[in-house]
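A.B. asks: Chains as they are written, first to last, in this note's numbering: chain A, 1 to 114; chain B, 1001 to 1113.
Because the hints were derived from the structure by calculation, they are not lab data.
Hints may be right or wrong, so weigh each one.
Stated by the list, open to error - Lysine to any residue pairs mimicking SDA-like chemistry, simulated, CA-CA at most 25 Å apart: (1) B:Lys1051 with B:Pro1074; (2) B:Lys1062 with A:Gln2; (3) A:Lys42 with B:Glu1040; (4) B:Lys1062 with B:Leu1011; (5) B:Lys1044 with A:Asp39; (6) B:Lys1044 with A:Gly43; (7) A:Lys42 with B:Val1083; (8) B:Lys1071 with B:Met1060; (9) B:Lys1044 with A:Ser52; (10) B:Lys1051 with A:Tyr31; (11) A:Lys42 with B:Arg1084; (12) A:Lys1 with B:Lys1044; (13) B:Lys1044 with A:Pro114; (14) A:Lys42 with A:Pro114; (15) A:Lys42 with B:Pro1074; (16) A:Lys68 with B:Glu1098; (17) A:Lys42 with B:Leu1011; (18) A:Lys42 with B:Arg1022; (19) B:Lys1051 with A:Arg94; (20) B:Lys1027 with B:Glu1072; (21) A:Lys42 with B:Ala1088; (22) B:Lys1062 with A:Glu3; (23) B:Lys1044 with A:Ala9; (24) B:Lys1027 with B:Arg1109; (25) B:Lys1044 with A:Thr87; (26) A:Lys42 with B:Ser1096; (27) A:Lys1 with B:Glu1098; (28) B:Lys1027 with A:Glu3; (29) A:Lys42 with B:Ser1087; (30) B:Lys1044 with A:Ile7; (31) B:Lys1044 with A:Asn18; (32) A:Lys42 with B:Arg1109; (33) A:Lys42 with B:Thr1111; (34) B:Lys1044 with B:Val1012; (35) A:Lys42 with B:Phe1065; (36) B:Lys1071 with B:Thr1111; (37) A:Lys42 with B:Lys1071.
Okay, here's what each chain looks like letter by letter:
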Amino acid sequence: KQEVTQIPAALSVPEGENLVLNCSFTDSAIYNLQWFRQDPGKGLTSLLLIQSSQREQTSGRLNASLDKSSGRSTLYIAASQPGDSATYLCAVRRATDSWGKLQFGAGTQVVVTP
Amino acid sequence: NAGVMQNPRHLVRRRGQEARLRCSPMKGHSHVYWYRQLPEEGLKFMVYLQKENIIDESGMPKERFSAEFPKEGPSILRIQQVVRGDSAAYFCASSSGEVYEQYFGPGTRLTVT
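Chain B with its partners taken away, still in its complex shape:
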């Protein structure tokens, strides 16, 4: 049973470009969470999605960031017009229910040059 998959593992973007981060949850999991870990900081919640629905986006920056979890395919975290401050590790987690254990993927490390 494969765990949570994230790709790419490393992503380098120039300022102003778009970054697309993908997350495939564990088999049987329909709840996906995105977290961000800035350098020298702890993990911060960004968004919680179920299939085709955003449940809680209270941690998402108001501009440039969006997330989706379509009926088919992986969840996507999209960052438009990236800036240096977006450089961080982005982690995806999945669970079989909103109060159940969350399992984390290996993360995508985004570097903005």
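Looking at chain A on its own, in the form it has when it is part of the complex:
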């Protein structure tokens, strides 16, 4: 059974610092992993999708790495801004059955203070 864990549950940093968010999963047989952002009372915005064959994916200030064998992904956000305050979720898609569904971690709540 796949379990997805995100540590820490909450994080507060001053503006300008780099953010490091961790995601671990117990079953390395994944097809891909997706990082999302969720603002309070809103839906999910997809940030990055990493295929199982990739080691990392980058978009602007965001960089996500994937180490499938150790069951870990890390999302880096460079030079954080107050607008980065949100909850960040990672989700994995299994490579065996149930390809369609995503399994989510509980999220890391980020606050960037001016």
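Please build the complex by placing chain B on the supplied structure of chain A, with the hints as guidance.
C.D. replies: Below, chain B alone, put in the same frame as chain A:
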């Protein structure tokens, strides 16, 4: 290109009533997923549908919940005889294929009084 649409955004029902949640996928997407986010909990998969077919309903409660995605029109998540424990945010996502990126709608927040 409009994103995933969900309506209503907020829904209040009394215990015992029925709730109908609608989801219109992104244009060109024929795969729809429903997820539920209970208060203080993470998102949990409920059901995966393609046009006129339920592909995976392993996350759906056995009773009172049903979902459909007809040939024409939006996908519907239906909850009969709602109870307080059904209060949650229900999110719909769509994709162009089962292993492709999922795009989420804004969610429907159901409150059962």
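A.B. asks: A separate judgement is required for each hint: does it hold in the structure or not?
C.D. replies: Hint by hint, here is what the structure shows:
This hinted pair checks out: B:Lys1051 and B:Pro1074 have alpha carbons roughly 10 Å apart, not beyond 25 Å. A C-alpha spacing of about 22 Å is found between B:Lys1062 and A:Gln2, which places the hinted pair at or below 25 Å, so the restraint holds. Annotation: proposed proximity of A:Lys42 to B:Glu1040 holds, straight-line Cα distance about 15 Å (limit 25 Å). Proposed proximity of B:Lys1062 and B:Leu1011 is supported: the alpha carbons are some 22 Å apart, at most 25 Å.
Restraint check for B:Lys1044 and A:Asp39: satisfied, since their Cα atoms lie roughly 18 Å apart, inside the 25 Å limit. Annotation: proposed proximity of B:Lys1044 to A:Gly43 holds, straight-line Cα distance about 14 Å (limit 25 Å). At most 25 Å may separate the alpha-carbon atoms for a hinted pair to count; A:Lys42 and B:Val1083 meet this at roughly 24 Å. Restraint check for B:Lys1071 and B:Met1060: the C-alpha separation of about 22 Å stays at or below 25 Å, so the hint holds.
With a CA separation close to 22 Å, the supplied pair B:Lys1044 and A:Ser52 stays within the 25 Å bound. With a C-alpha separation of about 23 Å, the suggested pairing of B:Lys1051 with A:Tyr31 holds against the 25 Å cut-off. Among the hinted pairs, A:Lys42 with B:Arg1084 is consistent with the structure: their alpha-carbon atoms are about 22 Å apart, no more than 25 Å. A hinted pair counts as satisfied when its Cα atoms are at most 25 Å apart, and A:Lys1 with B:Lys1044 qualifies at roughly 14 Å.
Under the criterion of a C-alpha separation no larger than 25 Å, the hint pairing B:Lys1044 with A:Pro114 is inconsistent with the structure, at around 34 Å. Between A:Lys42 and A:Pro114, the direct Cα distance comes to roughly 23 Å. Compliance with the 25 Å bound is thereby established for this hinted pair. With a CA separation close to 21 Å, the supplied pair A:Lys42 and B:Pro1074 stays within the 25 Å bound. Of the supplied pair hints, the one linking A:Lys68 and B:Glu1098 holds, its CA atoms being roughly 20 Å apart against a limit of 25 Å.
Restraint check: the Cα-Cα separation between A:Lys42 and B:Leu1011 comes to about 15 Å, which is no more than 25 Å; the hinted pair holds. Restraint check for A:Lys42 and B:Arg1022: the C-alpha separation of about 17 Å stays at or below 25 Å, so the hint holds. Between the alpha carbons of B:Lys1051 and A:Arg94 the distance comes to roughly 22 Å, so the proposed pair stays at or under 25 Å and holds. The hinted pair formed by B:Lys1027 and B:Glu1072 meets the criterion: a straight-line CA distance of about 13 Å does not exceed 25 Å.
Proximity of A:Lys42 to B:Ala1088 is assessed by CA-CA distance (about 13 Å); at most 25 Å being required, the pair is judged to hold. The suggested pairing of B:Lys1062 with A:Glu3 holds, with an alpha-carbon distance near 22 Å, which does not exceed 25 Å. With a C-alpha separation of about 18 Å, the suggested pairing of B:Lys1044 with A:Ala9 holds against the 25 Å cut-off. For the suggested pair B:Lys1027 and B:Arg1109, the alpha carbons sit about 24 Å apart, so the restraint of at most 25 Å is met.
Proposed proximity of B:Lys1044 and A:Thr87 is supported: the alpha carbons are some 16 Å apart, at most 25 Å. As the CA atoms of A:Lys42 and B:Ser1096 are separated by approximately 23 Å, the hinted pair is consistent with the 25 Å bound. About 20 Å separates the Cα atoms of A:Lys1 and B:Glu1098, which keeps this hinted pair within 25 Å; it holds. For a cut-off of 25 Å, the pair hint linking B:Lys1027 to A:Glu3 is broken: about 32 Å separates their Cα positions.
Straight-line distance between C-alpha atoms of A:Lys42 and B:Ser1087 comes to about 16 Å, which keeps the hinted pair within the 25 Å bound. With a C-alpha separation of about 18 Å, the suggested pairing of B:Lys1044 with A:Ile7 holds against the 25 Å cut-off. Distance restraint check for B:Lys1044 and A:Asn18: the Cα-Cα separation of roughly 30 Å exceeds the 25 Å cut-off, and the hinted pair is therefore not satisfied. Distance check on the hinted pair: A:Lys42 and B:Arg1109 sit about 10 Å apart at the alpha-carbon level, within 25 Å; holds.
Distance check on the hinted pair: A:Lys42 and B:Thr1111 sit about 16 Å apart at the alpha-carbon level, within 25 Å; holds. Between B:Lys1044 and B:Val1012 the CA atoms are separated by roughly 21 Å; this keeps the pair inside 25 Å, and the hint holds. The suggested pairing of A:Lys42 with B:Phe1065 holds, with an alpha-carbon distance near 24 Å, which does not exceed 25 Å. Taken as a hint, the B:Lys1071 and B:Thr1111 pair is broken in the structure, with Cα atoms around 30 Å apart against an allowance of 25 Å.
Using a Cα cut-off of 25 Å, the hinted pair A:Lys42 and B:Lys1071 is violated, with the two alpha carbons roughly 29 Å apart.
In terms of the numbered hints stated before, the structure departs from hints 13, 28, 31, 36 and 37, listed from lowest to highest.
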